[in-house]
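Q: Keeping the supplied structure of chain A fixed, place chain B upon it in accordance with the hints.
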Amino acid sequence: MEPLLSVAGLTKRYGGRLACDGIGFTLDPGEVLAVVGESGSGKSTLLSLIAGEVAADAGSVAYRMRDGATRDLDTLSLVERRALMRTDWGFVRQDATQGLRMAVSAGGNVGERLMGVGDRHYGRIRATALDWLARVEIAADRIDDPPTRFSGGMRQRLQIARNLVTAPRLVLMDEPTSGLDVSVQARLLDMIRGLVAELGLAVIIVTHDLAVARLLSHRVLVMRAGRVIETGLTDQVLDDPQAAYTQLLVSSVLAA
Amino acid sequence: MTPAPSSSPLPLLVFEDVAKSFTLHLRGGAVLPVIAGATLAVHPGECVVLGGASGAGKSSLLKMAYGNYRCAAGAIRVRDGDRSVDLATAAPREILGLRRTTLAYVSQFLRVIPRVGARAVVEAAGIEGGLAPAAARTRAADLLARLNLPKRLWALPPATFSGGEQQRVNIARGLIADRPILLMDEPTASLDAQNRAVVVDLIAEKRAAGTAILGIFHDADVRQAVATRIVDVSAFHGALAA
Chain A
8 MEPLLSVAGL TKRYGGRLAC DGIGFTLDPG EVLAVVGESG SGKSTLLSLI AGEVAADAGS
68 VAYRMRDGAT RDLDTLSLVE RRALMRTDWG FVRQDATQGL RMAVSAGGNV GERLMGVGDR
128 HYGRIRATAL DWLARVEIAA DRIDDPPTRF SGGMRQRLQI ARNLVTAPRL VLMDEPTSGL
188 DVSVQARLLD MIRGLVAELG LAVIIVTHDL AVARLLSHRV LVMRAGRVIE TGLTDQVLDD
248 PQAAYTQLLV SSVLAA
Chain B
2 MTPAPSSSPL PLLVFEDVAK SFTLHLRGGA VLPVIAGATL AVHPGECVVL GGASGAGKSS
62 LLKMAYGNYR CAAGAIRVRD GDRSVDLATA APREILGLRR TTLAYVSQFL RVIPRVGARA
122 VVEAAGIEGG LAPAAARTRA ADLLARLNLP KRLWALPPAT FSGGEQQRVN IARGLIADRP
182 ILLMDEPTAS LDAQNRAVVV DLIAEKRAAG TAILGIFHDA DVRQAVATRI VDVSAFHGAL
242 AA
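So the sequences go chain by chain: A and B. So the first sequence is numbered by our numbering: it starts at 8 and just counts up by one. So the second sequence is numbered by our numbering: it starts at 2 and just counts up by one.
Please keep in mind that the hints were generated in silico from the structure rather than gathered at the bench. If a hint is listed, it holds; no wrong ones were tucked in.
Calculated Cβ distances over 10 angstroms to all of chain B for the following chain A residues:
| hint | residue |
| --- | --- |
| 1 | 22 |
| 2 | 75 |
| 3 | 94 |
| 4 | 95 |
| 5 | 124 |
| 6 | 127 |
| 7 | 138 |
| 8 | 142 |
| 9 | 215 |
With the C-beta cut set under 10 angstroms, the calculated list includes, among others, these residues of chain A facing chain B:
| hint | residue |
| --- | --- |
| 10 | 197 |
| 11 | 201 |
| 12 | 249 |
Source: prediction; values computed, not measured. Note that beta-carbon positions come from the ideal geometry of N, C-alpha and C, so glycine has one too.
So that you can see chain A by itself, here it is in the shape it has in the complex (with noise of 0.2 angstroms):
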């Protein structure tokens, strides 16, 4: 099977730094991918690099389409890029303030996806919202409330909905539970697991916490340094880990 993602040598320098170096691996349809490493990793430009909200200085990312054919991302038009980005594609950001439109109602942030693939009828494009609504457990009645009235957690859940309303097959997520509370932490990652699973998503999830990227992923890569120090089935990497960096990594964690 021909992988639905496809990243070779993605490479980004920052003045002298190398924030990403040679970064390769591939995706398959409902594989999940956890990027980890500490901060200044380059995990997150890794994510911007594939996402194409950065330019890369070498590399390539290739997506099989819709139609079954794959495009090398660089040859498709602004106008192409971005309808891709608007229905075949997630992206859920640590920061919901960048994710959502904060002055636009909570339906409005999921129906803005809708009608970017061409839905134009008003109680379709509601009744749906609602029901991408129930399904992230944010009550009917606050679907004309803007999130700057929501919780953190709401807020990610709203972001969630909003991504996934046109049935994307890949999603990006950057530390999407982090900064929330523990108890709302495992309500996201339960209700993220469920649909990735129930969904059969595709995801590369950049986290800085172990504990999600075993919950979630399939496999992981570790990254330091701008590079991949280490990659594979994520409970062998996380129970018998080979490379110095990630004997540290998985050490420095307090056992719950």
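A: Relative to the frame of chain A, chain B by itself:
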């Protein structure tokens, strides 16, 4: 001890000269050898029990057979239908595929998933292992009932259960699907006599269905009741550097 099955078709799980050591980079790169020259085959209907002192490497062997630990040397061949896959060299996706179809593992402890009820945990494992949702639902209920988990607990997440209750959920989760190879690491450690007997029965049923079982059982009675063969793991230390 239980008699071994009379016919011996192809083994489902084979260790060939397997070695395991840990390189402790945080301890100046000290190398901790655990196992060397481990050679062992498990056939359908067999229950091979790993013996030997604590720290002899029994759990490491089981974890390697599940692809959870890597091998330092040798091969671990898993029969998957008509083909044989070497876990020592298999890609992560292949190992995940084998876990869905072929390898079941009952660990000592349940790794709890927040917010998911006990019956749903077991059911999900059944569906992942290829059962139809309705069958998974029925089997999950049957298993939890046989393992005497009070019905009032079925809808609750196991996080707040006692050790023995969690372990019974764990056993149900590991046994619900019909995978040809079953790995068990001390499944009865926190169970009372009545539930140990239930587990012994469940293992006998798996064997009768042709499952190849490799396990660790510290309780002497359970070991006697389930084992078709006991392999002393300390025999795999001869080749270790002193």
